[in-house]
Every structure is written in structure tokens, then in C-alpha cells.
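Enquirer: Sequence:
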Amino acid sequence: MSDATLFLFGTLCHAPLRDVVMGGETKVEVKTAKLRDHAVHWAGGADHPMLVAAPGEVATGVVVTGMTREQRARFDFFEGGFDYDLVPALVDVDGAEVMALRYDAPAGVRPGGRWRLVDWAETYAPLWVAAAEEAMSYFGQIGPEVLAARMGMIRLRAAARLRAEEGLPATLRSDMEVASDVEIETFDRPYSHYFVTAEADLRFRRFDGTMSATVNRAGFVMGDAVTVLPYDPVHDLVLLVEQFRMGPMLRGDARPWMLEPIAGRVDPGEAPDTTARRETLEEARLTLGKLHFVNGHYPSPGAVTEFVYSYVGEARLQGRGGDVAGLVTEDENIRSHVIPFDQLMELVRSGEAAAGPLVISAFWLALNRARLRGSA
Numbered sequence: 021m022s023d024a025t026l027f028l029f030g031t032l033c034h035a036p037l038r039d040v041v042m043g044g045e046t047k048v049e050v051k052t053a054k055l056r057d058h059a060v061h062w063a064g065g066a067d068h069p070m071l072v073a074a075p076g077e078v079a080t081g082v083v084v085t086g087m088t089r090e091q092r093a094r095f096d097f098f099e100g101g102f103d104y105d106l107v108p109a110l111v112d113v114d115g116a117e118v119m120a121l122r123y124d125a126p127a128g129v130r131p132g133g134r135w136r137l138v139d140w141a142e143t144y145a146p147l148w149v150a151a152a153e154e155a156m157s158y159f160g161q162i163g164p165e166v167l168a169a170r171m172g173m174i175r176l177r178a179a180a181r182l183r184a185e186e187g188l189p190a191t192l193r194s195d196m197e198v199a200s201d202v203e204i205e206t207f208d209r210p211y212s213h214y215f216v217t218a219e220a221d222l223r224f225r226r227f228d229g230t231m232s233a234t235v236n237r238a239g240f241v242m243g244d245a246v247t248v249l250p251y252d253p254v255h256d257l258v259l260l261v262e263q264f265r266m267g268p269m270l271r272g273d274a275r276p277w278m279l280e281p282i283a284g285r286v287d288p289g290e291a292p293d294t295t296a297r298r299e300t301l302e303e304a305r306l307t308l309g310k311l312h313f314v315n316g317h318y319p320s321p322g323a324v325t326e327f328v329y330s331y332v333g334e335a336r337l338q339g340r341g342g343d344v345a346g347l348v349t350e351d352e353n354i355r356s357h358v359i360p361f362d363q364l365m366e367l368v369r370s371g372e373a374a375a376g377p378l379v380i381s382a383f384w385l386a387l388n389r390a391r392l393r394g395s396a
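In the numbering used here, the protein residues as written are 21 to 396.
Where hints are given, some of them may not hold.
Each pair of labels, with its calculated beta carbon distance range [unchecked claim]:
hint: 1; residue 1: Asp287; residue 2: Arg265; range: 15 to 23 Å
hint: 2; residue 1: Ala233; residue 2: Glu352; range: 44 to 52 Å
hint: 3; residue 1: Thr349; residue 2: Asp256; range: 19 to 27 Å
hint: 4; residue 1: Leu106; residue 2: Ala220; range: 34 to 42 Å
hint: 5; residue 1: Ala233; residue 2: Ala386; range: 38 to 46 Å
hint: 6; residue 1: Glu219; residue 2: Tyr318; range: 13 to 21 Å
hint: 7; residue 1: Ala374; residue 2: Thr230; range: 34 to 42 Å
hint: 8; residue 1: Met266; residue 2: Glu165; range: 19 to 27 Å
hint: 9; residue 1: Asp287; residue 2: Asp39; range: 24 to 32 Å
hint: 10; residue 1: Met119; residue 2: Asp201; range: 48 to 56 Å
hint: 11; residue 1: Gly133; residue 2: Glu90; range: 30 to 38 Å
hint: 12; residue 1: Glu165; residue 2: Ala374; range: 36 to 44 Å
hint: 13; residue 1: Arg389; residue 2: Tyr318; range: 21 to 29 Å
Hints were generated in silico from the structure; no laboratory data involved. Cβ coordinates follow ideal geometry from the N, Cα and C atoms, glycine included.
Can you build the whole structure from these sequences, using the hints too?
Expert: If you want it as C-alpha cells, here you go:
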């Protein structure tokens, strides 16, 4: 067996992803290879593949040789982020049998349907390349078991970066861009766990065309989120949720239970409106009818990357309220309140409704309420 020969299948057959994982400029040899009596399937409930024993079938992949020790360790680190481990494999390369090592899924992972590289690349490749860029930045700093625990949030942040590339309009604001108008001299992530803090020394273009002095800036890196304010246009009712929040507590608020719209993170590969409906079911056990997009916004762009997609969702709310819901797996404890629209606006006026997305959605509803009630 050669520990310098790897048989790679699935996503690592995608050259851009493989290059990010491998890193460096050292040339390696990559050849097509076949693993007999196996097939590539989706890992159940995930967006990555696994090998499954399948007598008479052939799984196509590549063998990689000529790696440095660091490049080989980088592959082990990345695959360890999925709890995959190495096992020996006898593969066919150019008609000859070659002993190699391959990565095997952990026991208990059930296979899904058949996996094809072309299907995965069309839908998931940009996400995984972006996620690998952050994941591999931790190589040599954390172990693969820690990477495995963080991979979900890494993918969440990667999905947000991809959505950010779609851009926002620039009709009044300047059309200056990071690529040509920001010079990043140093970049670091001094903290990375559930969330990430990032710090940079940089220069940016001033409005007179010159570059600024080098400045130090830091930010709190998060995934994108969705908020939903359920509204019953027939009975003029809204549904709010209440839960304990860490931010107000850390600020010193004596009562850190907040009134909010329903909210949640946009999962990788998920459309924001799909998130809106899913989170409403999870947090309020409520099925929404028509969704109305309020806006997308940065709640605190000076230091937080989070981008929020806000909606008002039509629903029947009469007779509801007081339910306690949320995902047990996330230790959520969320109480719902169904109140008249006028009471919502009084909460906004008094300051008791202090969550920014709730205030934004309340004012949008105030502007559009007559139209929604007229078509109900």
C-alpha cells in the first residue's frame, strides 16, 4: 500500500475544489481511476457523496500521486471535517491494479440516491469551493474533529458570501468595488467557533479618489437570516414571538426576553422564502399563505455581516397565541403572541418592540395594510 497515493471520488474530482483543499503550487499527478464493486451515492440528508458497496458496479474517481506531506495532510484535514476516515482500496488505473487509500464515511450514515458529479457541480460546487476556502484557512490551527463541528456554520457563511456576490443597486451610492478600491494588507480571524470575528488592516478609496491611510477594522461574520411577521388580513391580527436573547443580556438589559418576528438562518442551498416557511412551522407551528417581501437589509453594517431578508406572511391567526414551540435540538423556547395590529404599533411607539426587523416589518405593514385587507 502506498500512503502517497489517494483515490478520490465525488466532490474532490471537481478540480477547483481539489485545488483549494490541496493548496500550494506543487504539481501532482492526477489520473482517472476505477473502484470496482462500489457506487457513489449521496450521503443521506447531506449535499456530499459517499461510497457504497455495490457488487458488479464501478465507481469512477481519480488517483493523486506526487503530493507533499503537507498536501496529503490537507486532504486528511478536509475529509476529517465530515468524519471520513482512510481505508485501503485496490483501484484500476490505465488497466493496472494500484493499491491506494480512500476516504470512507462513518458508520451509521445511510446512503441516499445515486450521486453524479455533473448534478452536484451545477448546484453545489460554488458553495463547497467557498466553504473550503474558509475551512482550509484553519489547517494547522485546529484538528479535523473541531472542523467537523464547525463545518455547518462554515457552509452557512459560505452561502452568504455567494448571495452577497449578487450585489445591491448602486444608483445613489458610489460604484466603487473591493477588487479595485480596497487594499487588504493583513487579514486574520482571531475567533472562530459558532460565529467568526474577522480583523483586517486595509486601505480604501476616499471620495476624492485617493487611498486612505492604513486602518484597522473588525467585524462579526454571520450567515444570512430571514424574518417573518405573520399577519391575518381578515381579522387584522399579527403574530409575534418571544424568546431569551444573548445580545440584550450582554448589553446589560435586565429583561433580555425579546419580542420579535419569526426568524432563522438561511440554510446553504435554500431560498430565503423557503426558509421563511420552514422557520414559521418550527417556531409557531403555523403554515403561511402568501408571502410579501418587505426588504433585504444589513441591520448593523458598521461591524456585522448579517444580511436579513424580511417578509410579511399571510395566515389565519384567530384563536391562536400562547403556544410554546421551537426545536428541542437547538434548545429553543419560543412563545407566540397573537395581538391586534394597533397593539403592535403601540409596542413600537413605546419601545417594547425593540428588534429592528420587527420595527421595519411593522412600518411596512402599516403602509400596505389597507391593500392586504382589501384583497383578503
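Enquirer: Now tell me, hint by hint, if it's right for this structure.
Expert: We went through each hint and held it up to the structure:
1. Asp287 <-> Arg265: 15 to 23 Å: holds (21 Å)
2. Ala233 <-> Glu352: 44 to 52 Å: For Ala233 and Glu352 the Cβ distance comes to about 45 Å; the hint holds.
3. Thr349 <-> Asp256: 19 to 27 Å: For Thr349 and Asp256 the Cβ distance comes to about 35 Å; the hint is violated.
4. Leu106 <-> Ala220: 34 to 42 Å: holds (37 Å)
5. Ala233 <-> Ala386: 38 to 46 Å: For Ala386 against Ala233, whose Cβ atoms are near 45 Å apart, the range 38 to 46 Å holds.
6. Glu219 <-> Tyr318: 13 to 21 Å: holds (19 Å)
7. Ala374 <-> Thr230: 34 to 42 Å: holds (40 Å)
8. Met266 <-> Glu165: 19 to 27 Å: holds (26 Å)
9. Asp287 <-> Asp39: 24 to 32 Å: About 26 Å separates the Cβ atoms of Asp287 and Asp39, which means 24 to 32 Å holds.
10. Met119 <-> Asp201: 48 to 56 Å: holds (53 Å)
11. Gly133 <-> Glu90: 30 to 38 Å: holds (36 Å)
12. Glu165 <-> Ala374: 36 to 44 Å: holds (40 Å)
13. Arg389 <-> Tyr318: 21 to 29 Å: Distance hint for Arg389, Tyr318 holds at roughly 26 Å.
In summary, the one numbered hint that this structure violates is 3.
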